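Please model the entire structure based on the sequences and the hints provided.
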Amino acid sequence: MKIILGFVLCALAGSALAQTQAPVGNAEAAKSKISMCTGCHGIPGYKTVYPHVYQVPMITGQQPVYIVKALEAYKSGARSHPSMRAIAQSLSDQDIADLAAYYSSEHR
Amino acid sequence: MKTALLIALMTVASQLAYAGGDMAGGASKSKPCAVCHGADFNTPVSADIPRLAGQHADYLARALADYKSGARKNALMDGQAAALSAQDIQDLAAYFQSLSGNLKIIRLHRLAH
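Protein chains in written order, with the numbering used here: chain A, 1 to 108; chain B, 1 to 113.
Please note that a few of the clues may not be correct.
What the hints assert, rightly or not - Ranges between beta-carbon positions, derived for each pair: (1) 50(A) with 43(B): 31 to 39 Å; (2) 108(B) with 90(A): 18 to 26 Å; (3) 100(B) with 46(A): 17 to 25 Å; (4) 20(B) with 36(A): 30 to 38 Å; (5) 24(A) with 24(B): 38 to 46 Å.
These are computed hints drawn from the structure, not numbers from a lab.
Fair warning: this is a prediction, and the values are worked out from it, not measured in the lab.
All C-beta atoms, glycine included, are put in the ideal place defined by N, C-alpha and C.
Structure (structure tokens):
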């Protein structure tokens with residue numbers, strides 16, 4: 001009985017740990033994933049036109065956790081922008097962590 | 001050539017649109033924002049708060065308008081933006097864009113292959 005309880009507790013602890021562990025971002029790994037970003041965010045003066053017209057934000061040098069939250073909000077639909085939603089939905093949690101590490105790190 | 005001229009004109013036009021924003025007015029209205037986004041708007045108090053210094057004014061104005069309308073939600077920003085007039089938004093956006101900080105664009109053609 002005690003052994004079974006022990007297993008149950010370990011399993012619960014394990015799943016709790018797994019849920020709280022966010023993937024660690026790897027800026028180097030992001031280099032193969034940024035092509036979908038640079039087509040808009042890498043062009044000075046580039047504007048999104050739907051549903052409103054404005055320059056796409058500068059994301060290089062932005063805060064890492066903010067980038068993760070923004071992408072997660074686009075992915076869930078909490079933040080709405082048609083093309084950003086489609087792109088964010090194609091990203092895994094690891095992709096998001098890697099992109100945040102890349103764009104928040106220092107660049108020349 | 002015509003394309004380059006057109007782009008130049010569009011760039012000037014987009015900047016003129018934000019000539020509607022008054023940077024001095026924005027500076028005085030930005031005090032409550034500095035509490036979280038940092039006094040220089042480049043060093044926010046935590047990593048989940050965005051840098052604003054140098055960000056494009058039209059993007060910032062869109063973000064504030066969306067918080068105000070409820071299209072974009074954030075526990076802190078909803079209340080802050082609700083109190084802003086359309087002019088306040090233009091002024092703040094113009095002021096933040098005028099500052100310099102870490103934000104920049106890595107140009108497409110500079111990317112390593």
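Hints, verified against the model:
Between residue 50(A) and residue 43(B) the beta carbons are some 34 Å apart, a value that agrees with the proposed interval 31 to 39 Å. Between residue 108(B) and residue 90(A) the C-beta distance comes to about 20 Å, which sits within the given range of 18 to 26 Å. For residue 100(B) and residue 46(A), the Cβ-Cβ distance of about 20 Å falls inside the hinted range of 17 to 25 Å, so the restraint holds. At roughly 33 Å, the beta carbons of residue 20(B) and residue 36(A) sit within the given window of 30 to 38 Å.
Taking 38 to 46 Å as the suggested C-beta distance range, the pair residue 24(A) and residue 24(B) conforms, at roughly 44 Å.
The structure is consistent with each of the numbered hints, conforming to all of them.
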